[in-house]
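Number of protein chains: 2
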Amino acid sequence: MVISLSYAVGIDLGGTKIEGVLADDKGKVYNRLRVLTEDKKGSKQIIDKIIKLVKDLSKGYKILGVGIGIPGNIDRRTNKVHNAPNNPSLDGVKLIEILKRRLKTPVFVENDANCLALSEAMFGAAKKYRNIVAVVIGTGLGGGIIIDGKLHQGVTPIAGEIGHMKIIMGGRKCSCGQAGCLEAYVSGTAIDKRYRELSKTKGHVTVTELSRRARKGDAAAKKILDETYEIIALGLSNIINVLDPEVFVIGGGVSNNDGIFREIPKRIAKYVLGYSDAKILKAKLGDSSGVLGAASLVFSNLSKK
Amino acid sequence: MVISLSYAVGIDLGGTKIEGVLADDKGKVYNRLRVLTEDKKGSKQIIDKIIKLVKDLSKGYKILGVGIGIPGNIDRRTNKVHNAPNNPSLDGVKLIEILKRRLKTPVFVENDANCLALSEAMFGAAKKYRNIVAVVIGTGLGGGIIIDGKLHQGVTPIAGEIGHMKIIMGGRKCSCGQAGCLEAYVSGTAIDKRYRELSKTKGHVTVTELSRRARKGDAAAKKILDETYEIIALGLSNIINVLDPEVFVIGGGVSNNDGIFREIPKRIAKYVLGYSDAKILKAKLGDSSGVLGAASLVFSNLSKK
Chain A
1 MVISLSYAVG IDLGGTKIEG VLADDKGKVY NRLRVLTEDK KGSKQIIDKI IKLVKDLSKG
61 YKILGVGIGI PGNIDRRTNK VHNAPNNPSL DGVKLIEILK RRLKTPVFVE NDANCLALSE
121 AMFGAAKKYR NIVAVVIGTG LGGGIIIDGK LHQGVTPIAG EIGHMKIIMG GRKCSCGQAG
181 CLEAYVSGTA IDKRYRELSK TKGHVTVTEL SRRARKGDAA AKKILDETYE IIALGLSNII
241 NVLDPEVFVI GGGVSNNDGI FREIPKRIAK YVLGYSDAKI LKAKLGDSSG VLGAASLVFS
301 NLSKK
Chain B
1 MVISLSYAVG IDLGGTKIEG VLADDKGKVY NRLRVLTEDK KGSKQIIDKI IKLVKDLSKG
61 YKILGVGIGI PGNIDRRTNK VHNAPNNPSL DGVKLIEILK RRLKTPVFVE NDANCLALSE
121 AMFGAAKKYR NIVAVVIGTG LGGGIIIDGK LHQGVTPIAG EIGHMKIIMG GRKCSCGQAG
181 CLEAYVSGTA IDKRYRELSK TKGHVTVTEL SRRARKGDAA AKKILDETYE IIALGLSNII
241 NVLDPEVFVI GGGVSNNDGI FREIPKRIAK YVLGYSDAKI LKAKLGDSSG VLGAASLVFS
301 NLSKK
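Going down the list, the protein sequences come from chains A and B.
So the first sequence is numbered by my numbering: it starts at 1 and just counts up by one.
So the second sequence is numbered by my numbering: it starts at 1 and just counts up by one.
Bear in mind the hints are in silico, worked out from the structure with no lab data behind them.
On a predicted model such as this, the values are computed, not experimentally measured, just so you know.
Be aware that a few hints might be false.
Given that identical chains are not distinguished, each listed pair holds provided it fits within a single copy or across any two copies.
As the list claims (entries may be wrong) - Think about it this way: if two alpha-carbon atoms lie no more than 30 Å apart in a straight line, the pair counts; the simulated DSSO-like pairs of lysine-lysine are:
#1 K270 / K80
#2 K270 / K193
#3 K223 / K284
#4 K80 / K266
#5 K173 / K270
#6 K52 / K104
#7 K270 / K94
#8 K222 / K270
#9 K49 / K17
#10 K127 / K49
#11 K80 / K279
#12 K100 / K59
#13 K128 / K150
#14 K223 / K80
#15 K223 / K173
#16 K127 / K150
#17 K26 / K52
I would like the entire structure built from these sequences, with the hints used as guidance.
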């Protein structure tokens, strides 16, 4: 019998919903709750909702702390939330400080892709590895880096922002306001946009739908998919040429298209110097990666001390 | 009085010459010797020369081991030298194994840019920092990464090969055989080539000469320098978006042009997500960075155990 010693609350704070779990340090989930974010109603009610979630989830348990994943970063100079376009009301809010004071428990906040990297490293597809790059291809393209078993955080909060690596200088406009970013080509949003431009159709398509159309002979879908695989391969190769990790874990909606796992490994050799041994694995924790990653923040931060 | 406890021999194995020093773990150099590489005469005579250098340098001293910097890598699957275009005779040679057997002392071999990173971290410009990216812009463009005070080596030997990060997919042909690499735009060789193409002149120019011409009003020189600064800024920003280091240390011939240290910091903000706190410093150890970095290999590897 395994006796779990530690519990934490993990919160995934998204643009649409706030989801929370009570989990133990083996990744087992005991309680799960979900509420709407309603960012338009302001940050105060978001904070109140988080506090209520934490209290409801942890009733009857002694927790080590609370971890929160946000689609943004904490500016380390000011400890304020920034780069969180989906939760504009939180921009500039000292989230950690406020929650610590009101909850009287340790609180850790990290970028959501960093949380996915942590959860996949601790409980998911990359459990066997110590040098991991997680790539989350959804609406945007995020990343999280684990080096030597630890989340690599960098000096400012932007380490792991691989979606904003420029791969075509002066290329397509990105949602960050710059040009030529990886995200401007191969996020879910960008793939859809590139397909609509090429096919001159109007309805939005997911990558799964694009695959279906390609199999049915849609030339534009085939071309866009092929270019997408090529660009992802180039992006991952850039990371290999810099960091040379043991494994990539790919998550997010776009990773539901199995073509990625078939095509990318074949195409990487073309772009790396020498050879690559990096495995390319699909994220395993699915919808739980955010909340479990947030809970892992607590375990990984407190076990360090 | 500081008493030095440890000595090592550091060898910088270049395309033209093999240079060696006897140094202590404070970076003090006691002996220095230099011989020609003469790669065309084959690898056996190179190995014999290295052995003679080690013996001559360490006479009267007890050394911890020998460190060697090579303009290439050691393939970790086979322990053979590879990616060493300037020393073709060494390609496929089990350098570490042969030297260990003949010298009966620990031998460490690393890519020369990794050695520069180590020496600047231990004794040079980046002594105060623990998260460092060294960028060596000379004939080619190499890099070395120190994370949390340790050389980041990666799974295969290519970590730190930032020169082969693609910044313009499908762009200029690179010496590695691929296209669009950072090195294909801003190595000394590439800058010279881009200038000759634009100015339709024939003589080779260094970056220092290019700066001189730009100051004198040469429009082509101005344009090439301006683009060079812009591309280096973009390349470093890509690394910031991934690794977010505390400091870049720039070495190699191209770093003798001070414009780099004036222009790059200004241009980085345009390409990073959020903000960057990364300092951009000039490598300090100059010609000694290779040999001292090679010696540091011994100290850093043996002090780990």
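Going through the hints against the structure:
| no. | hint | in the structure |
| --- | --- | --- |
| 1 | K270 / K80 | between (41 Å within a copy, 22 Å between copies) |
| 2 | K270 / K193 | both (27 Å within a copy, 24 Å between copies) |
| 3 | K223 / K284 | within (29 Å within a copy, 50 Å between copies) |
| 4 | K80 / K266 | between (42 Å within a copy, 25 Å between copies) |
| 5 | K173 / K270 | both (26 Å within a copy, 13 Å between copies) |
| 6 | K52 / K104 | within (14 Å within a copy, 66 Å between copies) |
| 7 | K270 / K94 | between (45 Å within a copy, 26 Å between copies) |
| 8 | K222 / K270 | within (21 Å within a copy, 34 Å between copies) |
| 9 | K49 / K17 | within (11 Å within a copy, 68 Å between copies) |
| 10 | K127 / K49 | neither (32 Å within a copy, 46 Å between copies) |
| 11 | K80 / K279 | between (36 Å within a copy, 23 Å between copies) |
| 12 | K100 / K59 | within (18 Å within a copy, 62 Å between copies) |
| 13 | K128 / K150 | both (14 Å within a copy, 22 Å between copies) |
| 14 | K223 / K80 | neither (42 Å within a copy, 40 Å between copies) |
| 15 | K223 / K173 | both (20 Å within a copy, 24 Å between copies) |
| 16 | K127 / K150 | both (13 Å within a copy, 23 Å between copies) |
| 17 | K26 / K52 | within (25 Å within a copy, 56 Å between copies) |
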